[in-house]
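Start from the sequences and build out the full structure, keeping to the hints where you can.
Residue numbers (the working numbering): 1 to 360.
Rather than coming from a laboratory, the hints here were simulated on the basis of the structure. Note that the structure is predicted; figures quoted are calculated from it, not measured. One or more of the hints may lead you astray.
Said to hold, decoys possible - Calculated cross-link-like contacts (lysine to any residue; reagent style SDA-like; alpha-carbon spacing at most 25 Å): (1) K244 <-> S88; (2) K244 <-> R202; (3) K244 <-> D163; (4) K62 <-> D163.
Said to hold, decoys possible - Pair by pair, the computed Cβ-Cβ distance ranges are: (5) D294 <-> I170: 32 to 38 Å; (6) N300 <-> G347: 28 to 34 Å; (7) E65 <-> G347: 39 to 45 Å; (8) Q187 <-> Q57: 28 to 34 Å; (9) P295 <-> E188: 29 to 35 Å; (10) V221 <-> E65: 32 to 38 Å; (11) Y247 <-> D60: 36 to 42 Å; (12) E343 <-> I170: 40 to 46 Å.
Every residue gets a Cβ at the ideal spot worked out from N, C-alpha and C, and that includes glycine.
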Amino acid sequence: MTRALPVLLPLLLSTCMGLLSPRSVQAQADPVILDTLVVQVGSRLDSRLPATTRTVQVLDLKTIESLPVRTIAGLLEWATSIEVQPRSPAQSDLSIRGAGFEQVVVLVNGVRMSDLQTGHFDLDLSVPLGQVERIEILRGPASALYGADAMGGVVNIVTRGHDPGWRGRIEGGSWGTARVSGGGGFQEEGWPALQIGGELSRSDGHRAGTDFDAAMIHLSVLDSLAGTPLAGDFGFSRRNFGAKDFYAPYPSFEKTRTYSSALRWTPALSPEAGFEVGASLRRREDEFTLIRDDPGVYQNRHTSSQAGGEVLYRDRPLGTVSLAFGGEVFLDLLRSSSLGNREESRGALFGEALVGGEGR
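In structure tokens form, the structure reads like this:
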């Protein structure tokens, strides 16, 4: 009994303390309810409605600024159920809940930006981290909303609003690493609101074949057409990086250029009904050299283009009934020295209804 006292006494004291402080225990047990008012990715319905039937995580601006990350790929590593597999500082594969990188759709402000050639380049975006306001992550199958390639989930990157003010950042580190980024907004009466951001980065790499040199710029424009909002997003990114052992055990090298543009118009018919009309264009150029110092051995070049359009109609015909339906079309073009010339067109119709939901 004497030997058991040192073990039983702390256990007894901790139990008594727990019984004497029920408020503390109750406070820890209370669930944390995320604010879903700003979630866009979980539903085609009015964003004011909570996405109660979807598993959605939001990384807001406060969270982004508190994390020790410098890229969107690095930020996503902190999200639940997401695995980011970086093969170099300039390229990463994305997986949600164990799904393959071809089963995740990436959006920027609700517009599809996934690469049509391969999911390896889904994160080859033109949005600097400093321009990101939040990231919405829809975990699990989302085929009904975003197509068959969204079996793993959807990542929607939302850029900053059109707020005035300027910001900048300069970083440096070992292995010749340097990064310069900045951005800001412009808004004057009678002129479209502008938000622009850019970033330059480079590194010699921590080992041979991991060097990179990258640049990106992103511009958001907000204006009005017929008295209703008209938003535009335009971006460009350039990446030159060592691709050693990416596809074969050789000191390879890769160059990419990505151009993107999107327009979205939201005419309202009434406070409860309206359209959302969108058009987008994405072009990507890729040059791969198998042996960096001897390009004549093997090279391939790919140019992929994707043009798309979408029309969505939302309405609340009754106080407890919300409807959303529409359609989308895409034209995909691939010009490749190794895969040949390919063309594909696709379209889809979709609809969603919520009965008994309460808007806020």
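Cross-check of the supplied hints:
At most 25 Å may separate the alpha-carbon atoms for a hinted pair to count; K244 and S88 meet this at roughly 9 Å. Straight-line distance between C-alpha atoms of K244 and R202 comes to about 17 Å, which keeps the hinted pair within the 25 Å bound. Pair hint K244 plus D163 does not hold up; C-alpha atoms about 42 Å apart against a cutoff of 25 Å. Using a Cα cut-off of 25 Å, the hinted pair K62 and D163 holds, with the two alpha carbons roughly 16 Å apart.
Range check, D294 to I170: Cβ separation about 37 Å, and the 32 to 38 Å hint holds. Distance hint for N300 and G347: a CB-CB separation of about 30 Å, consistent with the stated range 28 to 34 Å. A hinted range of 39 to 45 Å for the beta carbons of E65 and G347 is consistent with their spacing of about 40 Å. In this structure the supplied range 28 to 34 Å holds for Q187 paired with Q57, their Cβ-Cβ distance being about 31 Å.
Taking 29 to 35 Å as the suggested C-beta distance range, the pair P295 and E188 does not conform, at roughly 49 Å. The hinted range of 32 to 38 Å is not satisfied by V221 and E65, whose Cβ atoms lie roughly 25 Å apart. Y247 and D60 have their C-beta atoms about 37 Å apart, which keeps the hinted 36 to 42 Å range intact. Judged by the Cβ atoms, the range 40 to 46 Å given for E343 and I170 holds: they are separated by roughly 45 Å.
Checked against the numbered hints given earlier, the structure breaks hints 3, 9, 10 and satisfies all the rest.
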